[in-house]
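Student: Construct the complete structure from the given sequences, taking the supplied hints into account.
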Amino acid sequence: MYQYNNADHQLVAERVEQFSSQVQRRLNNELSEDEFKPLRLMNGLYLQLHAYMLRVAIPYGTLSSDQLRKLAVIAKRYDRGYGHFTTRQNIQFNWLELEDVPNVLAELTGVEMHAIQTSGNCIRNVTADPLAGVAADEIEDARVFAEIVRQWSTLHPEFSFLPRKFKIAVSAAENDRALLRSHDIALRLHHNDAGEAGFEVMAGGGQGRTPVLATTLREFLPQAGLLSYLEAVLRVYNQLGRRDNLYKARIKILVMEMGDPAFAAKVEEEWARIKDGALFLPEADIARIKADFAPPIYEGLDDTDPALVADLAKNQGFARWVRSNIDNHKQPGYGIATISLKSPNGIPGDVTAEQMEIIASIADQFSFGEIRVTQKQNLVLPNVRKCDLYAVWLKLDKMDLATANAGLLTDIVACPGLDFCNLANARSIPLAQRLSSRFRDLEEQHDIGKITLNISGCINACAQHHTANIGILGVDKKGTEHYQITLGGRADGGDAIGTIVGPAFPAEEVDGAVDIIISVYLNLRQDGETFIATVDRLGLEPFKEELYALA
Amino acid sequence: MTQIAITANRAREGSVVYLARAGIWSKNFSDALVIEGKDAADQLLAGALRDAASDAVIGPYSFPIKVNNDGITVLSQRENIRIHGPSVQIPSASAPATDKQHVSI
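Listed in order, the protein sequences are those of chains Z and Y.
FYI, the numbering for the first sequence is 1 to 551, going by the numbering used here.
FYI, the numbering for the second sequence is 1 to 105, going by the numbering used here.
Some clues are possibly wrong.
What the hints assert, rightly or not - Partner residues aside, some chain Z positions facing chain Y, computed with beta carbon under 7 Å:
{"id": "1", "residue": "Asn29"}
{"id": "2", "residue": "Glu33"}
{"id": "3", "residue": "Leu49"}
{"id": "4", "residue": "Tyr82"}
{"id": "5", "residue": "Asp419"}
{"id": "6", "residue": "Gly479"}
{"id": "7", "residue": "Ile497"}
{"id": "8", "residue": "Ile500"}
Said to hold, decoys possible - Across the chosen pairs, the derived CB separations fall in these ranges:
{"id": "9", "chain 1": "Z", "residue 1": "Ala533", "chain 2": "Y", "residue 2": "His84", "range": "50 to 56 Å"}
{"id": "10", "chain 1": "Y", "residue 1": "Tyr61", "chain 2": "Z", "residue 2": "Asn5", "range": "44 to 50 Å"}
{"id": "11", "chain 1": "Z", "residue 1": "Pro506", "chain 2": "Y", "residue 2": "Thr2", "range": "22 to 28 Å"}
{"id": "12", "chain 1": "Y", "residue 1": "Ala53", "chain 2": "Z", "residue 2": "Gln239", "range": "34 to 40 Å"}
{"id": "13", "chain 1": "Z", "residue 1": "Pro506", "chain 2": "Y", "residue 2": "Asp70", "range": "23 to 29 Å"}
{"id": "14", "chain 1": "Y", "residue 1": "Gly37", "chain 2": "Z", "residue 2": "Glu30", "range": "35 to 41 Å"}
Think of the hints as simulated: they come from the structure by calculation, not from any bench.
Only a predicted model underlies this, so the values are computations on that prediction, with no experimental measurement involved.
By construction, the Cβ of each residue, glycine as well, lies at the ideal position given by its N, Cα and C atoms.
Tutor: Structure below.
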């Protein structure tokens, strides 16, 4: 994986020094909260309901075992012994004291990590396909380009005070695991008719109170134009994006108001002016970054492992885990193992320090010391020999990390909700816990099959409920928590925004409503039909009829 | 008559505090001053905003409560969660850092 160069080291060290001084001045009352707030937000430090929260960047969701161990140390030494992985491949610590934050940031620099650009109206930490570099369905390692974008966007002086936050995602795979069309800009590397690899550039997507799927600005952007084109899009947005209304400040509103062709034309006009300038990306630069992401030295293995076949036959629990939690690796004889952070009654995305340490040691022993963080708030061991899967499963199972539910009903994405978040209207976690308990039967979940269920505690939609097959949004109705349900959303390449089924349900009825939705699906599905395919075929009516039968 | 309490977050720890009396903030909701009447509320909130300006607390605001024979009832779910902490058990929860309960300004 990418290693910091001298410039990177200097940048993060100087930033820690600067912020340490700012914290000290704040603690000495030399800075007011009004003065300090923008400074702390530039360093990923939020004030939530109960305490300060630090969001640490995990660029493109790639962690080394040493980095994960350091996160465990921070969790134990400065927090309450756990961390929360987010839907944007970051980690949050919920219980930090202000005076400890400089020490936490200093600890992070030791493992080449930081919290820069995890907040504020800037280009946020770049995300990518969590399986980049190992997935069987990719054409190249998307992290190479995500890293190039990271370097370009870090402390970019022109784009440090944008109208609003700005999120970029990168993928090079056939299947979208990075929610591309929910991003301000998304880059999808693909081959053109001439066999060259370049980017489809999408822009203007986002969730929140106005969910919009990104539109394609350019079907094919040569790699050399990557940074100049991004610069052109950002420049048009920075100049024309609305700053008069917080709710209309994202690029999606600008693209909608201008119309796709007019926005794209403006970008092309700017790009034509700058594409051959300083931001032209030479092949040699790409090759240099590619070298940082050189694959590990894999063993030459047969793709079918006799030991695995035997283990699958003798252990049903293991077989079930392999069925749901193992993805196809590009290297024969290897698998990609999803570590579910969604055990029954667990908190989606939460990991204890002890679990982090065990995962780090499993990664060292079985996965070249590498771990990935997914947009679904799970972790991944990207390089496990198939003959080792049983041993890995046994170790994970001991730590309650082997729930065989990846991509299934209880693989619930949930924001922190009203239990932690200052913006939330309703709780997300207790509902996720109740649902994961109610549907804990893995046999039943495997029978239900692929499905996504996301719970957001407010319309900011951090849990991306708009594009979930079953989306649940917490709302406040006269002081009590209610939950609005949407069906038909998807973020799998055939992206769609879910449709609201009807009036919101009170908290005590929403679990039953999910039960009804699943029952309707099971009753009406055709052979081999997934939940979303059934919703697409039948529409919402059969679900509405049952959900509101007594209304 | 409207009854309210005043709350904020402490600048140093970010923890939730309640106005116990003018200039005194407590981490215990049981110490919260029950304020009756608009004039008293306005006066104390103005004082709380001065405390914020002097940087002891962040973002003070008032919220409605009801006092009856059983004690104080807080209607807002948000405020209940701020008083009692998350409604879910956090993983391997350890005791919060000890510190003094009152902050004099």
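Student: Indicate, hint by hint, whether the structure satisfies it.
Tutor: Hints versus structure:
no., hint, result
1, Asn29, "holds, 5 Å"
2, Glu33, "holds, 5 Å"
3, Leu49, "holds, 6 Å"
4, Tyr82, "holds, 4 Å"
5, Asp419, "holds, 4 Å"
6, Gly479, "holds, 6 Å"
7, Ile497, "violated, 28 Å"
8, Ile500, "violated, 22 Å"
9, Z/Ala533 to Y/His84: 50 to 56 Å, "violated, 44 Å"
10, Y/Tyr61 to Z/Asn5: 44 to 50 Å, "holds, 47 Å"
11, Z/Pro506 to Y/Thr2: 22 to 28 Å, "holds, 27 Å"
12, Y/Ala53 to Z/Gln239: 34 to 40 Å, "holds, 37 Å"
13, Z/Pro506 to Y/Asp70: 23 to 29 Å, "holds, 24 Å"
14, Y/Gly37 to Z/Glu30: 35 to 41 Å, "holds, 38 Å"
When held up to the earlier numbered hints, the structure conflicts with 7, 8, 9 and fits the remainder.
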